[in-house]
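Q: Sequence:
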Amino acid sequence: MGRWVGGLLGFVGMSAIAGVLVTVAVTPALAVSGMAATNTMNVFENLPEYLKIDQLSQKSNIYAKKDDGGKVLLASFYDQNRVEVGWDQINQFVKDAAVAGEDPHFYEHGGIDIGGTIKGAVQTVATGRTRGGSSITQQYVKNVLVQKCELISNEEKRNACYTDATETSAERKLQEMRYAIGVEKEYSKDEILNGYLNIALFGGTVYGIESAANYYYNTSASKLTLPQAASLVAIVNNPVKFQLDNPDSPTNGKANGYADNKSRRDYILDEMLKYGKITEKQHDEAIATKIEPKITPPSTGCASAKANAYFCDYVTHILRTDPTFGKDEETRQQNFRRGGFDVYTTLDLDVQNAAVKTIKKNVPMTYDGWNEAALATSVQVGTGRILAMAQNKIYSQDPDVLAKSDKYSPINYNTDVGFGGSSGFQPGSTYKVFTLAEWLKEGHTLKEHTDSAYRDNWGDFRDSCHGTQNYDAQGFSPQNDEDGETGSDYTALYATERSINTAFIGMAKELDLCGIANTAKDFGVHRADGDPLKQSAGTVLGTNEIAPLTMVTAYAGIANKGKVCTPIAIDKIIGPEGKELPIPKSECHQAIDKKLNAGLTYAMGKVMTDDAGTATSSYYATEPKVPMIGKTGTTDGNVDTWMNGASTKVATVVGLVGLKGEGHHVLNQREVFFDSGRAAEARHRMWPDIMSVANAKYGGDDFPEPAPDVIQAPQVSIPDVRGMSVSEAQSALNKAGFNPMVGGDVDSSLPKGTVTGTDPSGITGRGSTVTIYTSNGSLTVVPDVTGQNEQAARGVLSGFGVSTETKDTSDKSQDGVVISQSPGGGNEARPGSNVTITIGHYVAPPKEEPKPTATKAPEPTKEPTKPKDKKG
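All letters in the sequence shown, in the order written, are residues 0 to 871 by numbering that gives the first Met the number 0.
Quick caveat, the hints were computed from the structure, so don't treat them as lab data. The structure presented is a predicted model; accordingly, all values stated were derived computationally and were not measured. Any given hint could turn out to be false.
[As the list claims (entries may be wrong)] Here are the simulated DSS-like cross-link-like pairs (lysine-lysine), alpha carbons at most 30 Å apart as the crow flies: (1) 326 <-> 147; (2) 440 <-> 734; (3) 696 <-> 305.
[What the hints assert, rightly or not] If you anchor each label on the Cβ, the simulated ranges turn out as follows: (4) 701 <-> 619: 16 to 24 Å; (5) 565 <-> 329: 18 to 26 Å; (6) 734 <-> 594: 21 to 29 Å; (7) 594 <-> 698: 38 to 46 Å; (8) 68 <-> 400: 18 to 26 Å; (9) 397 <-> 537: 36 to 44 Å; (10) 742 <-> 594: 17 to 25 Å; (11) 396 <-> 594: 43 to 51 Å; (12) 815 <-> 770: 44 to 52 Å.
Here a beta-carbon is modelled for each residue, glycine too, at the ideal position from N, C-alpha and C.
Please take these sequences and the hints and turn them into a complete structure.
A: Okay, structure coming up:
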């Protein structure tokens, strides 16, 4: 050692560098050899020795599970492409190559290769170029320190950390040595080498021997051949110079057989032979082997998930936003990209593939002058698990790619803006089910009638949140989709089947707009842009912008007996140590009473199966059939069309929507034809394709039968409004739960404008339309003249034409008086009309002839009865 130091000092002379070299070289020698402490030794001993080895950054994977338990990789994410492997998963060639090429005395020294360190220091000082001399343990320490820098989010602090961990200085080298000695005390040689091979950089973002084997040779670390192992270990020495993924490199490319890497590889092979790690034959065969990498990029980012990319993107947003994965978004993202998680999603590949296939078959990615999106999302009823999420666009986040064509999009149109989605779409009439739910909650029934007449003066609407609303000044006059739907009196059931707008406005007028909005919220409905849900008479018809995932989740709740479960996309997460980690859970709550919900599913079932139903096309095209509910939706001008429905097992929404943007027209879907058919009916071609697969796989049960009092309208007495004014009669009928309508004037003796009666009258179903009739004042009451003599009767009937008839009577008191009249007294007749009076004419009854008296014959005399003897 004395000769080493003397020679070293002689080499550097009296320069100031001598002191640095003494610190770098002599001090570790003293530490290892146990020589007496000096001042330098005291400095060394006071440096920190313990170095915490943190969990390495690893790539995280997102999977879909197959029915047989297998898994399909959707995408991987990483800051460092690393898969950490154990000692037994690394081929011995790799271990021997690393030791022979980087630190031949690794298993002999105590953490520091004194000779190598001094040589490196001398050459660094002499040439001005940094030369390695660090042991594998020192390299491991340096990489661990760099890894710690990676975890610092602040860029300025992170860069300062990098400088401290990598700068060429005596102080940094001294600390590295001190840490190396401490690591050697804490871990075995095999553990250190294993850690080194997992942490080392192999070029670009490839870290660790397993990822290097995957990326460069499409194999695993356990299956690497000798020449492959040596060429990969060669990269560690200079990851930029020796990496193998630039075939056009003039110094290390395919044309020259990757000359730089081969030179380093062959050196390592020579060293392996020198230290007896391989035989001469193995050495020669390896030297003769050409370097032929098979570059296999990992499935990086959601774009690699292709047709499943938008669902993948949704999962990544959950991982970034859910508090389960960290205190803030930055922490969550770092945890995911560096944590080595295996994320197993809820995606059902059968249902997903059906969604992808039917969208591709029925809707093109682009259409001349019209940027449209076809959407589909399926959710498992009762669990909230998202089974499918697809759209007719190619996922990309690259601005250059997005500028090429409308067929690319970074936006997941199925979900909220906060989860990578859009600001939402109007769901149209699929939103009406929430008004129907509120209708039932307020005690109305399905067969209860509502005022369904078209008008532009709806008057006041009750709103307990914002006060009474009136839209007459705004010209609020919604019309029905079908031109022939002009009726004025529909039941809530029929209005649901046919999706009659005016009927639902009539229902809303009898309800509370705030109550309707709150019922929608109870079903988990919210705006996609995060703003509060709007409420007005217009929103009853579905004018809030809502994400399809939100709407299908609500329908899944209806199919689940009114119990809504929040959507989830992750079934399980396995951490890098093989332990299952906490995940977000679906939260379920009862949105509406089960009894009332049965009324909802009854009505929505009729939408699917009755001749009047708007969703029969979807129902009858689905095979196999199970009990299903549904509702269609169409926005103004047929810009967006929807089909939303469910079995008791799976709910699915499909839609075709127009996307806003410069240079795009808003088209009427009924006037657009794809190769598959009319655009407006695409929903009825796509929904059955998806639900047919879902029904075959998951089945479906009967929906609960609703109670009679949820269906039938209660029978209520109609108030007697005769003699009232029209407004009084309307008020009385409204209060009794009827829809009053004015039927016009009728002939009556009541004062003109006075209500004469209603149709119907008596008893009828609550909510029915009752027509009010008013008097035109054209009639008068016929006086009752019965019992008067003819002269007096004629005087009383002076305003009428009088004709007489006579009728014989045996009642002398009726002689000469009116015994009947037509029309009778109290009846109404027009003035001057004829009244016939019948005058009694007494006719004495004929006298009866006396009848002869009959003589009674004498009765014969009877013999006296002889008394019986008494015995004593």
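Q: Give a verdict on every hint.
A: Okay, the hints, checked on the actual structure:
In summary, the hint linking residue 326 to residue 147 is supported, as the alpha carbons are separated by about 20 Å, within the 30 Å threshold. For the suggested pair residue 440 and residue 734, the alpha carbons sit about 19 Å apart, so the restraint of at most 30 Å is met. With a C-alpha separation of about 24 Å, the suggested pair residue 696 and residue 305 falls inside the 30 Å cut-off, and the hint holds. For the pair residue 701 and residue 619, the supplied restraint of 16 to 24 Å holds, since their beta-carbon distance comes to about 19 Å.
The hinted window of 18 to 26 Å between residue 565 and residue 329 holds, with their beta carbons roughly 25 Å apart. For residue 734 and residue 594, the hinted distance range of 21 to 29 Å is satisfied, since their beta carbons lie about 27 Å from each other. The hinted window of 38 to 46 Å between residue 594 and residue 698 is violated, with their beta carbons roughly 25 Å apart. Distance hint check: the CB atoms of residue 68 and residue 400 are about 36 Å apart, inconsistent with the given range 18 to 26 Å.
Our hint of 36 to 44 Å for residue 397 and residue 537 holds, since their Cβ atoms are close to 40 Å apart. Remark: the range hint 17 to 25 Å for residue 742 to residue 594 is contradicted by a beta-carbon distance near 37 Å. One distance hint, 43 to 51 Å for the beta-carbon pair residue 396 and residue 594, holds here, with the actual separation near 48 Å. Look at residue 815 against residue 770: about 47 Å separates their beta carbons, and that is inside 44 to 52 Å.
Consistency with the previously given hints fails for numbers 7, 8 and 10, ordered from lowest to highest.
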